[in-house]
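Quick mapping for you: the protein sequence lines, in order, are chains C and A. So that you can map any letter, position 316 of the first sequence is 316 in the working numbering, and since no number is skipped, the others follow by simple counting. Numbers in the working numbering are just positions in the second sequence, counted from 1, shifted up by 511.
Keep in mind that the hints were calculated from the coordinates and are not lab data. Computed from a prediction, not measured in an experiment: that's the story for all the values here. Every residue, glycine too, gets a C-beta built ideally from N, C-alpha and C. Do not take every clue at face value.
Stated by the list, open to error - Far from chain C, by Cβ distances over 12 Å, these chain A residues were calculated:
#1 Thr-566
#2 Asp-595
#3 Val-599
Claimed, not checked - If you anchor each label on the Cβ, the simulated ranges turn out as follows:
#4 A/Asp-730 x C/Arg-73: 28 to 36 Å
#5 A/Tyr-748 x C/Gln-163: 53 to 61 Å
#6 A/Asp-692 x C/Asn-334: 46 to 54 Å
#7 A/Glu-722 x C/Asp-324: 52 to 60 Å
#8 A/Ile-605 x C/Asp-195: 41 to 49 Å
Single-letter residue listing:
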Amino acid sequence: MKKIFYIVLSLVLSTAMIACYKDKGNYNYDANELITIKGLEKGYSKLSMIERLQIDPEVSSSMPGAQLEYLWRMYEYPIEGVRPKMVTIGTEKKLDYLVENDAREWVLLLTVTNKKTGFAQTFETRLNVATNYTQGWYVLKSDNNQSDIDLFKTPENIFPGIQIENVFSKVNNRKLAGNATLLQYYNNYKNRTSDGKSENVNTLFALTDKDGSAVRLNTMTELRSFGKFFWDYPAVMAPGFLFEGGYGKYVVNDGSLYGIFSFNINYGTFGARILADNKNRPYSLNQFYLTNFVSLPVMFDDVSSSFMTADLNSPYMYEYGDADGTSMPAAKNNQRLLFMGQASTFPFKGYAVMQDKTDPNIKVVASIEPTSSKLKITTSPILPGQKLFNARLHTLINNSENLLYFVTGNELYSRGLSSGVEELQFKAPEGETITFIRHRWYTASLDPAYKFDYVMVGTTSGGKYKVRMFKKQAGSLVTTPDFILEGNGEPRDVIYISPRMRPSQEIINSY
Amino acid sequence: MRLLNIVLLTMLTGLMTSCKKDAYQLYNEAALLQFGPDTSLLYNPGYNFIDSSQTYTFVSKKAEIIQDTAWFNIYAIGGVSDRDRPFVLRQVMIDGVENAVAGKHYKAFSDPSIAGSYVIKAGKMHAFVPVVTLRDPELRKKQMTLKLEVASNESFKPGEQLNTWRKLYISDKVARPAAWDSYMEVAVVGKYSEEKHRFMILVTGQKWDQEFFTALKIDFPAQGYYKSKLSAELIDYNNAHPGQPLRDENNQLVEFL
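Let the sequences and hints guide you as you build the complete structure.
Here it is in structure tokens:
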């Protein structure tokens with residue numbers, strides 16, 4: 001009885017404690033407050049350390065007598081590996097801010113608060129920060145066993161304007177040693193800041209057969225010379241490829257693979273040499289590769305004639321296995337890889353041109369389809385009478401027509417990868433020698449005026465170069481290039497870079 | 512009256528100590544000899560005793576290295592001479608420690624192969640003092656201490672008392688740092704053994720001591736690098752020693768992750 005009494009008493013007391021809770025429900029049936037703004041553009045573009053961002057928007061509130069206060073803030077458009085940091089750049093309605101940020105895309109926020117009601121509304125736009133060096137066509141060229149970079153700025157659209165010749169050596173007081181091979185661009189290459197943190201750096205990688213450089217695009221200054229890419233300064237400097245794959249960044253020096261595993265914090269240093277297997281057998285990776293930013297890449301070991309991959313979290317590489325229906329073993333296939341490039345990003349697919357090591361007269365075009373740890377390879381022969389048999393330069397048409405472009409002698413041909421039909425596309429004018437070809441495109445979703453899809457043909461003559469930018473029409477080059485980049489030296493690669501570019505989505509970085 | 516007594520006592524105490532002779536040596540007799548820091552630090556009083564003791568370990572040296580040299584700096588006080596001036600060092604035994612044994616853990620200073628090294632050259636006031644360490648197997652288990660001091664001879668007398676001696680700790684011994692903990696075992700270097708520890712030090716040139724492991728624990732790129740580096744070095748070692756892969760002190764195969 002006593003127990004029941006206590007239970008009842010506690011229930012009564014509990015109810016009493018909450019019985020007088022004040023109802024704070026919102027019974028205001030006035031229209032919601034609304035702050036409107038005019039004069040805020042969808043986006044702005046400014047040169048860092050030179051231009052001011054000046055915005056004076058018209059702001060009004062639906063609440064009569066509103067007392068508005070303003071907060072301008074910005075943060076770096078999110079890139080893998082770094083948490084964006086918000087910075088305040090103004091507290092007045094009129095923004096007048098000297099842009100001093102890194103060249104890349106920033107998110108600009110204006111928050112307007114009615115002090116009377118506490119109501120706040122945030123408006124968003126984008127700020128594209130550039131510098132003198134962060135946008136344009138970059139030409140990697142060689143001259144007398146030294147290399148340098150020319151920059152053709154593109155102030156209005158994809159067509160070139162002012163040329164800054166030898167921009168790398170002008171800023172860094174040195175040329176790259178050796179003959180140029182490859183340009184790559186990433187906006188997520190890491191660097192250790194003075195306070196020990198990891199920062200993203202817009203980085204242009206320029207490689208030659210004896211040297212290389214990671215260049216901070218904002219200033220064009222060298223972030224790391226090639227030897228300093230690595231934990232251990234290499235005794236021999238012979239760069240091969242450098243690319244980003246699904247697990248991080250991959251670089252080859254003297255045939256050996258080094259990587260940066262992107263799922264850990266890093267500071268841009270490539271790790272220890274990755275072994276071919278747990279016996280550390282000798283290997284030497286070919287300069288050609290397949291990658292699509294998501295999957296394991298496809299590489300080729302010239303020593304064992306094997307397609308290999310690496311996840312960068314293991315000390316070892318792995319040989320690809322054979323998928324059902326393959327017509328050539330992925331490993332130890334006795335082939336020499338003459339070329340490999342990417343035909344399609346999704347599904348991940350590429351093509352290779354291969355030559356039998358035992359009988360050099362046997363050459364094939366091989367389609368390469370990676371599925372997890374296996375490859376499906378489908379070959380078709382290249383007959384000795386066909387132009388492709390003696391090709392010296394190749395590029396795949398990526399993500400569009402099923403075509404391989406190649407150079408035999410001084411003529412550029414296309415070859416239908418299904419039909420095997422070869423067509424002459426371009427013949428270098430008398431006296432000019434073709435030094436490279438490459439298919440590159442940029443979807444430029446934020447800057448339609450900069451969208452392009454070109455087959456680039458570089459030639460040299462008498463110490464001067466021309467790079468013709470050809471559009472395609474139904475797989476064939478149009479007769480006249482859109483424009484020609486011209487300068488001194490022999491061109492070996494050309495890349496287009498813009499601060500608003502998202503390399504993992506909008507450009508191709510395979511051959 | 513009591514206050515007077517206190518004042519008197521204080522004055523007497525002061526008088527008793529006021530005539531104590533200065534311990535510093537003067538230069539007006541024979542030249543003096545004493546140890547000091549590196550020449551670059553000589554005029555910085557904060558570094559006067561930086562070199563009082565050194566540790567020499569053979570751990571980071573290949574097995575073929577059976578002797579090596581530790582160096583001290585010594586200075587003649589009282590001006591230069593126009594002739595070479597030999598000097599004499601001797602070992603001082605210390606109670607309660609394992610004293611190094613001449614001919615076993617270090618080469619005696621009188622050994623003909625090095626005796627000529629203990630000289631202040633004409634026109635010089637400074638010399639490097641070599642102490643040749645010997646890799647005795649006992650050093651894998653024990654750290655030995657060598658205390659050496661300046662002895663008088665016809666050229667020099669010992670200088671300032673605090674700088675007439677140096678200590679050298681000689682070792683070939685590894686010890687598991689506390690920071691080689693379960694995380695390091697699972698994520699980076701695997702289980703501990705003395706032979707593995709020794710191998711890691713040898714092939715990387717790093718100390719792999721408490722300080723190194725503590726820094727490594729928060730440096731993921733470095734962890735990845737050393738994980739791969741150590742695996743590769745072990746494979747290379749085992750390839751170079753067919754049928755005799757690296758084993759630890761318990762005869763277990765040394766393995767990395």
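Against the structure, the hints come out as follows:
Residue placement check: A/Thr-566 keeps its beta carbon more than 12 Å from all beta carbons of chain C (closest about 27 Å). No Cβ of chain C comes within 12 Å of the Cβ of A/Asp-595; the nearest lies about 42 Å off, and the non-interface call holds. With a cut of 12 Å on Cβ distances, A/Val-599 stays outside the contact zone with chain C, its closest approach being about 45 Å. Under the hint 28 to 36 Å, the C-beta atoms of A/Asp-730 and C/Arg-73, about 33 Å apart, fit the expected range.
Checked against the hint of 53 to 61 Å, the C-beta distance between A/Tyr-748 and C/Gln-163 comes to roughly 55 Å, which is consistent with it. For A/Asp-692 and C/Asn-334, the Cβ-Cβ distance of about 49 Å falls inside the hinted range of 46 to 54 Å, so the restraint holds. The beta-carbon spacing between A/Glu-722 and C/Asp-324, approximately 54 Å, falls within the hinted interval of 52 to 60 Å. Separation of A/Ile-605 from C/Asp-195 is about 46 Å and conforms to the stated range, judged on CB atoms against 41 to 49 Å.
Violated hints for the displayed structure: none, as all numbered hints are satisfied.
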